[in-house]
Every structure is written in C-alpha cells, then in structure tokens.
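K.L.:
The opening residue of the sequence shown carries number 1 in this note's numbering; numbering runs sequentially from there.
Certain hints may be false.
[Said to hold, decoys possible] Cross-link-like lysine to aspartate or glutamate pairs, in silico, DMTMM-like; alpha carbons within 20 Å at most: (1) Lys178 / Asp244; (2) Lys178 / Asp259; (3) Lys261 / Asp244; (4) Lys28 / Asp82; (5) Lys131 / Asp153; (6) Lys285 / Asp84; (7) Lys131 / Asp143; (8) Lys203 / Asp135; (9) Lys285 / Asp142; (10) Lys285 / Asp143; (11) Lys203 / Asp189; (12) Lys203 / Asp153; (13) Lys261 / Asp153; (14) Lys203 / Asp214; (15) Lys54 / Glu64; (16) Lys261 / Asp214; (17) Lys285 / Asp82; (18) Lys261 / Asp118.
[To be verified] Simulated restraints, written as ranges between beta carbons of each label pair: (19) Ala309 / Ala183: 50 to 58 Å; (20) Glu306 / Val53: 53 to 61 Å; (21) Ala156 / Arg228: 26 to 34 Å.
Derived from the structure by calculation, the hints contain no laboratory data.
Here the structure is a predicted model, which means the values were calculated and not measured.
Where is the CB? At the ideal position from N, CA and C, for every residue including glycine.
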Amino acid sequence: MESPTMRLPPTTALRALDAAARHLSFTKAAEELHVSQSAISHQIRHLEELWQVKLFTRLTRRLELTEAGRALSQLARGFFQDLDTTLTAVRDNSAVAQVRVLVPPSIALKWLVPRLPDFRAAHPEVDVWIKTQADARLRPADDFDAALQFGPDSRASQRSLRLMQEYVFPVASPEFLKSCSSAPAAPQDLCRHPLLLRTENNKGAPDWQSWFEDAVVPEDIFAPALRRGVRFPNTNMALQAAIDGQGIALARSAPAWDDLKAGRLVRLLALRRPFAHQIYLVSPKNRERRAAVAAFRTWLQMVTAESQAAFDAGEPI
Numbered sequence: 001m002e003s004p005t006m007r008l009p010p011t012t013a014l015r016a017l018d019a020a021a022r023h024l025s026f027t028k029a030a031e032e033l034h035v036s037q038s039a040i041s042h043q044i045r046h047l048e049e050l051w052q053v054k055l056f057t058r059l060t061r062r063l064e065l066t067e068a069g070r071a072l073s074q075l076a077r078g079f080f081q082d083l084d085t086t087l088t089a090v091r092d093n094s095a096v097a098q099v100r101v102l103v104p105p106s107i108a109l110k111w112l113v114p115r116l117p118d119f120r121a122a123h124p125e126v127d128v129w130i131k132t133q134a135d136a137r138l139r140p141a142d143d144f145d146a147a148l149q150f151g152p153d154s155r156a157s158q159r160s161l162r163l164m165q166e167y168v169f170p171v172a173s174p175e176f177l178k179s180c181s182s183a184p185a186a187p188q189d190l191c192r193h194p195l196l197l198r199t200e201n202n203k204g205a206p207d208w209q210s211w212f213e214d215a216v217v218p219e220d221i222f223a224p225a226l227r228r229g230v231r232f233p234n235t236n237m238a239l240q241a242a243i244d245g246q247g248i249a250l251a252r253s254a255p256a257w258d259d260l261k262a263g264r265l266v267r268l269l270a271l272r273r274p275f276a277h278q279i280y281l282v283s284p285k286n287r288e289r290r291a292a293v294a295a296f297r298t299w300l301q302m303v304t305a306e307s308q309a310a311f312d313a314g315e316p317i
C-alpha cells in the first residue's frame, strides 16, 4: 500500500498551482513567481500525474479550473495562508521580534544604517535584519517583511507606501575644489574636470547624460567627457571617490546627504533635478499588521519626512 506521504508534492508545485488558479494563466503565474511559463506547466503536470486528476481545462486563450483543481487550489492557498499566520504569531510571541528588510546598497549604507540607532532606542524589542540588493524588489518566495525600493509594486498582494523623492546634483570634495584653478560656474564647466562614472546603469544610478541634457549642455561638449574617466559599479564607491578628491560625482539626495552635512562633500551649482524613481516601502499585506513591521513602518515615515523636508529645502540639516 502506498504511503500517504508519497502524494505530498513540493511547495514549489503548490505555489505554481495557487498562482495559476488565481490568474487562470500560466504566463501570469510565471511572471508572479519569476520563473518560466514552461516551469509552471511542468509543475502543474507533475501534480496531475502525482494526484491522478486533471486540474485545468486548457482552452484556446485561457484556462479553467476543473472541480478537482478548484478544491485542491483552495487547499494549497489555505496551506500558505495558515503557514504564514502561524509563523507571524511565533515571531511576534518571541522575546525579540525581527523585521527582515530588503534595501538597495546605496540607501542601506549611506542613509538607513546611520539612522538605525534611533529606531533601536525607540524599539529595543525589535531587531532589524538587512539584506542589500541592487534591485530590491520583493518576490513571492522571499522571506522579507518589507523592501525599500525604487517605485511602487502593483501586485495586489503588496502594499506600497511612498517615502521620499530624491534630487540629483553634482558633488565634489572641498579639497578637490581647492585644487581646481576655477570652480565650475555652469553645467558645461563640469566637463573640464574628471567625472566619476558608472560601469553600469540601474534604477538607483543617476545618469550623467540625462543630467547634461536636462541642463541643456550640447552633446559635443559633454559626450567626450563621458567617454573617459574612472568607472565604478555602485553609488557608494563613486561617492567615496569624490570624498577622496578623485573627481566630480553625480549624487542622489539620500546617499550624499550625511556627507554634505559633515562637509565631506560640497554640492556644485544651483541646478538640481528630481530623481526619476521615488523611494517606496513595499510590504506583503499578510505581514504589514505585525507589530514589529508596523513599528518599523511608522518610524520610517517619520525619518523620511524629516529627510524629505531637508531635500526639498536644498540644504543639509
């Protein structure tokens, strides 16, 4: 006689069933779970063979759940909901609760980490666990309570809260400016100095070309300056090079603010532009009511409001 455990599928297959049942589409299920459509199809086929039932009726342009598929997908969905509810209760009943946060490296090192002692003083019962990732977007399989990311999340399972609108502006160290025969007085003057560039672009990286175009600098003036110079893989390294006097960096408000306040960097020119992507706090809706997550969200709203006022005013506080 076959053991009952032989009919228990892997959780990846159950997640595929849950997503496909909610969307009635293997393509949309694949997008949600960040896998290929063929992977979803394979998982559903595995379940159908394991349970010896048909879960979906495949029509020309859509799927329909069979009666068995409807019953088993509801069971899978309930399993994940019950598991998350139980895990949440276990965490909240612990002596010390944890908030797991996914953060872009530039926001983590230069803005969030220096402010964490204030949160810890107000909430000693909560530990913040940080993981950095350039594209800090939550995925269904991730075990994170929140993410600081560039832009909102449109999925119905996530709640997005706008936190900050940054600005983009050039910066250099006071020592670098002293070494220049004349400080830049206009945007095109920057092209006569070493510009600190990026090896690759991403949502968190301000773009020199766009900045020069917004400043109405002719391409024949700025293009040669963007073809030469030292290049860095991330914002933190470019800002550190600027602090060390190696040239002029294009900075966002949050990563540069504490260095501006301390006098390690100086903002050049009066020209600044809103950064293309605003910072949002994104949390899974089934976790946002946890006491630790709510405390972290309330604290973030307070400190980002203070930073936003300073960014808008244009001077470090």
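K.L.:
Each of the hints needs a verdict: does it hold here or not?
P.N.:
Consistency of the hints with the structure:
Under the criterion of a C-alpha separation no larger than 20 Å, the hint pairing Lys178 with Asp244 is consistent with the structure, at around 13 Å. About 18 Å separates the Cα atoms of Lys178 and Asp259, which keeps this hinted pair within 20 Å; it holds. Annotation: proposed proximity of Lys261 to Asp244 holds, straight-line Cα distance about 16 Å (limit 20 Å). The suggested pairing of Lys28 with Asp82 is violated, with an alpha-carbon distance near 24 Å, which exceeds 20 Å.
Using a Cα cut-off of 20 Å, the hinted pair Lys131 and Asp153 holds, with the two alpha carbons roughly 19 Å apart. Taking the CA atoms of Lys285 and Asp84, the gap is near 11 Å; set against the 20 Å cutoff, the hint holds. Restraint check for Lys131 and Asp143: the C-alpha separation of about 11 Å stays at or below 20 Å, so the hint holds. Note on Lys203 and Asp135: the hinted pairing holds, with a Cα-Cα distance of about 8 Å set against a maximum of 20 Å.
For the hint linking Lys285 to Asp142, the alpha-carbon distance of about 14 Å falls within 20 Å, and the restraint holds. For the hint linking Lys285 to Asp143, the alpha-carbon distance of about 13 Å falls within 20 Å, and the restraint holds. Proximity of Lys203 to Asp189 is assessed by CA-CA distance (about 27 Å); at most 20 Å being required, the pair is judged violated. A threshold of 20 Å between alpha carbons decides the hint, and for Lys203 with Asp153 the separation of about 14 Å falls inside it, so the pair holds.
In summary, the hint linking Lys261 to Asp153 is not supported, as the alpha carbons are separated by about 32 Å, beyond the 20 Å threshold. Between Lys203 and Asp214 the alpha-carbon distance is near 18 Å, which keeps this suggested pair within the 20 Å criterion. As the CA atoms of Lys54 and Glu64 are separated by approximately 11 Å, the hinted pair is consistent with the 20 Å bound. Taking the CA atoms of Lys261 and Asp214, the gap is near 26 Å; set against the 20 Å cutoff, the hint is violated.
Pair hint Lys285 plus Asp82 holds up; C-alpha atoms about 14 Å apart against a cutoff of 20 Å. The straight-line distance between the Cα atoms of Lys261 and Asp118 is roughly 18 Å, inside the 20 Å bound, and the hint therefore holds. At about 28 Å, the beta-carbon gap between Ala309 and Ala183 misses the expected band of 50 to 58 Å. For Glu306 paired with Val53, a C-beta distance near 57 Å keeps the hint of 53 to 61 Å intact.
Between Ala156 and Arg228 the beta carbon distance is about 48 Å. The supplied range of 26 to 34 Å is therefore violated.
The earlier numbered hints that this structure contradicts are 4, 11, 13, 16, 19, 21.
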